[in-house]
Amino acid sequence: MSDSLHTLDYTVIVLYFAAIVACGIYFGRYTKSTADFFFGGQRFVWWLIAASCIATLVGSYSFINYSDLGYDSGLASMTYYTNDWFIMPLFLLGWFPIIYFNRISTIPEYFERRFDRRTRFMVLILIVLYLVGYIGMNLQTIAVVLNRVIGMPIMIGAVVVAIISLAYMHSGGQMSVLMTDLFQSMILFVAGIGIFILGINHVGGWDAFWNGLPATHKVPFPQFNEPANFHFIGTFWGDALSGTVAFFFINQGIILRFLSVKSVHDGRKAMIVMVLVLMPIAAIVVSNGGWVGKAMETYGWPEAPEKAKSVFIMVMKIITQPGVFGLVVAALLAALMSTLDTLINAVSAVGVNDIWKTIVPGKDDKYYLHAARLAAVGATLLGVVLVPIFELDDQIYTAHSKFFTTILPSLIVVLLMGVLWARFTPTAAFWALLLGSLLTLVTHHKSLYFLIEPLAHGVPADKGYIYMRGLFGTLVTVVLGVGITFCSKPRPKEDIPGLCIATLSDGMRIFKGGEPNRSEPKTSSPLQLRTDSVDTDRVLLPVELMEELSIQEGDLIYVSDARKWLGGLRSVHLKAGVPHQETGVVILHDEAVDRANFSVDLPVTVEKLL
Amino acid sequence: MIDQFVVFARSILSDNWFAWFYQYLFGGVFFFFSLWLTFRAGTIYKGLRADRRIIWILVIGFFLFAGIHLIWIYSVEGPPGK
Chain A
1 MSDSLHTLDY
11 TVIVLYFAAI
21 VACGIYFGRY
31 TKSTADFFFG
41 GQRFVWWLIA
51 ASCIATLVGS
61 YSFINYSDLG
71 YDSGLASMTY
81 YTNDWFIMPL
91 FLLGWFPIIY
101 FNRISTIPEY
111 FERRFDRRTR
121 FMVLILIVLY
131 LVGYIGMNLQ
141 TIAVVLNRVI
151 GMPIMIGAVV
161 VAIISLAYMH
171 SGGQMSVLMT
181 DLFQSMILFV
191 AGIGIFILGI
201 NHVGGWDAFW
211 NGLPATHKVP
221 FPQFNEPANF
231 HFIGTFWGDA
241 LSGTVAFFFI
251 NQGIILRFLS
261 VKSVHDGRKA
271 MIVMVLVLMP
281 IAAIVVSNGG
291 WVGKAMETYG
301 WPEAPEKAKS
311 VFIMVMKIIT
321 QPGVFGLVVA
331 ALLAALMSTL
341 DTLINAVSAV
351 GVNDIWKTIV
361 PGKDDKYYLH
371 AARLAAVGAT
381 LLGVVLVPIF
391 ELDDQIYTAH
401 SKFFTTILPS
411 LIVVLLMGVL
421 WARFTPTAAF
431 WALLLGSLLT
441 LVTHHKSLYF
451 LIEPLAHGVP
461 ADKGYIYMRG
471 LFGTLVTVVL
481 GVGITFCSKP
491 RPKEDIPGLC
501 IATLSDGMRI
511 FKGGEPNRSE
521 PKTSSPLQLR
531 TDSVDTDRVL
541 LPVELMEELS
551 IQEGDLIYVS
561 DARKWLGGLR
571 SVHLKAGVPH
581 QETGVVILHD
591 EAVDRANFSV
601 DLPVTVEKLL
Chain B
1 MIDQFVVFAR
11 SILSDNWFAW
21 FYQYLFGGVF
31 FFFSLWLTFR
41 AGTIYKGLRA
51 DRRIIWILVI
61 GFFLFAGIHL
71 IWIYSVEGPP
81 GK
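Taken in order, these protein sequences are the chains called A and B. Under our numbering, the letters of the first sequence match residues 1 to 610, in that order. Under our numbering, the letters of the second sequence match residues 1 to 82, in that order.
The shape of chain A in the complex, shown without the other chains (with noise of 0.2 Å):
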């Protein structure tokens, strides 16, 4: 494919890997601190977050398997990013303010805090083989993408990436991943919906192109449960219950993604914009090559696809013009790069908080800083060295994945037991996780196929039930995680604030550090910024200002920068101090103007969030 690309392609690309580091390393130097880097001083907007978790949902096989699904089935291939509205009450009302106001940073310490050490030592090595295996695959995908599409050797594709990943991640942290994806995002959207106006535009016009689907490639869902490797029964227990809960829940990057937005009402807002809005335009974006290659076909594809594997590349050569190419190949590479980058700093963070912390605890912030930055070189470098060990065999890469999907539903039905059930108990959690994990995992055995055959929903056995297995180990773990628990002590409520649903009002309790203020939030409109002596984490208001705001002393305020397209990058969070008698005055300590990136001399808004 490299004889393809123009001068002009090759100029994109390389513009666009030299936009991502300088953005990465422009916007790294706001991290000063463990919070940063692991979740961006929990100060942004929602839209920032919605936008930069698009592009990190958006990973390294969508592009090119969402239109060979395309391709093969038509617009059902938007179901996978559609169907995921189901388990939102529990995210937005449950599982998000929980993590958020108990500040939980990683998924092993939920696990610790609610149920016991032994529990979230078992989750930790999981959760670890995963990631690492998992940048692994995202560093051999990348760097097959470059060999295919620039002719790069795939070891040193890998190891360009790598270094390029680092050299924006490794000093900035999530700053850096959370800007660097809002821009992958727009790249991601606007190649992709070029794309797909190029290909109406080839093919004739839109109703030539939807003229030119077979009737099969209109309907929303796939067939009910056939074929093997995309049905709608598979996809709706597999995908849109589990898979959604797996994504949201815990997948360590989406964790402190939305650990960085300044409020859980934001977090709320983001959440709901990306999967009503965003969502849907991404099934469109990356599917969209597929369906213009089946009308094409329907009009005498130039060049028969030899296999439908190629079918994105394919329709990419015919459509686009030198430079528009190169942007799609850049639009390929945000993909990657953005899923990988979240994958690092998830990797940094479990590695400092779960592991380096328990063997060298009571250090200074800094000395953890430099942990975390270690972590991010050390999880790159595995990753680095797990690519030709994929390349040799690539049975490896699909243990590893069918490992993960096997015991994902123990995970998931164990955590949000946790969540829902208050009486559920640590030895529960346990022996759940473990013997539910181990079910699901010697039903692989063809003998054993019998088990689920009965909640098959009539799918054939012969590929071995790739989806239906996830609902008998979700079964599985549900009867064994309620049989254990009436048969073992449940910890007391008291044990468990805030970690729980029954238990969520302490949760609000603890993070504000007394009772919550429950008047409606409202924003100021902008006010001068002073700095004086006063405590670092407070907040001096004018007294008229706290009436209409209905602040009160102590209530946690949320004061940013006036210019509202910087999406929170120049704000703080601080207490209400004593009110002050100056009108439209805030004032502050140096080291908090420090902490919140602001320049004195420009207007800042103050919010009540608590």
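Each hint should be verified, as a subset may be incorrect.
Examples of chain A residues toward chain B, derived with CB under 8 Å [as the list claims (entries may be wrong)]:
#1 P89
#2 L92
#3 I150
#4 L276
Everything labelled a hint here was simulated from the structure, so no lab data went into it. Yeah, the Cβ is synthetic: ideal placement off N, Cα and C, and Gly gets one too.
With chain A's structure known, arrange chain B on it following the hints.
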């Protein structure tokens, strides 16, 4: 038993209509049950407009997806039934 139910349902409905009913029936049970559970646990503060709005958005979102899928299938296949 599930197999027989699937065979029966596919004998009277096209795959897309069956998928629609299945998704929004089982998904709906999961959705509204979890909404009820979290609501009952007091995770929403009813006195706060922003919190009440979330509930409405969740319910509207559910019916929006169901409605779009319904109109989509209807426009391609016509009413349910074979």
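To see whether the hints hold, each was checked on the structure:
1. The closest approach between the C-beta of P89/A and any C-beta of chain B is roughly 4 Å, which is under the 8 Å cut-off, so the hint is satisfied.
2. Checking L92/A against chain B: minimum C-beta separation of about 6 Å stays under 8 Å; hint holds.
3. For I150/A, the interface hint is violated, the least distance from its beta-carbon to any beta-carbon of chain B being 40 Å, above 8 Å.
4. The restraint placing L276/A at the interface with chain B holds, with a minimum CB-CB distance near 6 Å, inside the 8 Å limit.
The earlier numbered hint that this structure contradicts is number 3, and it is the only one.
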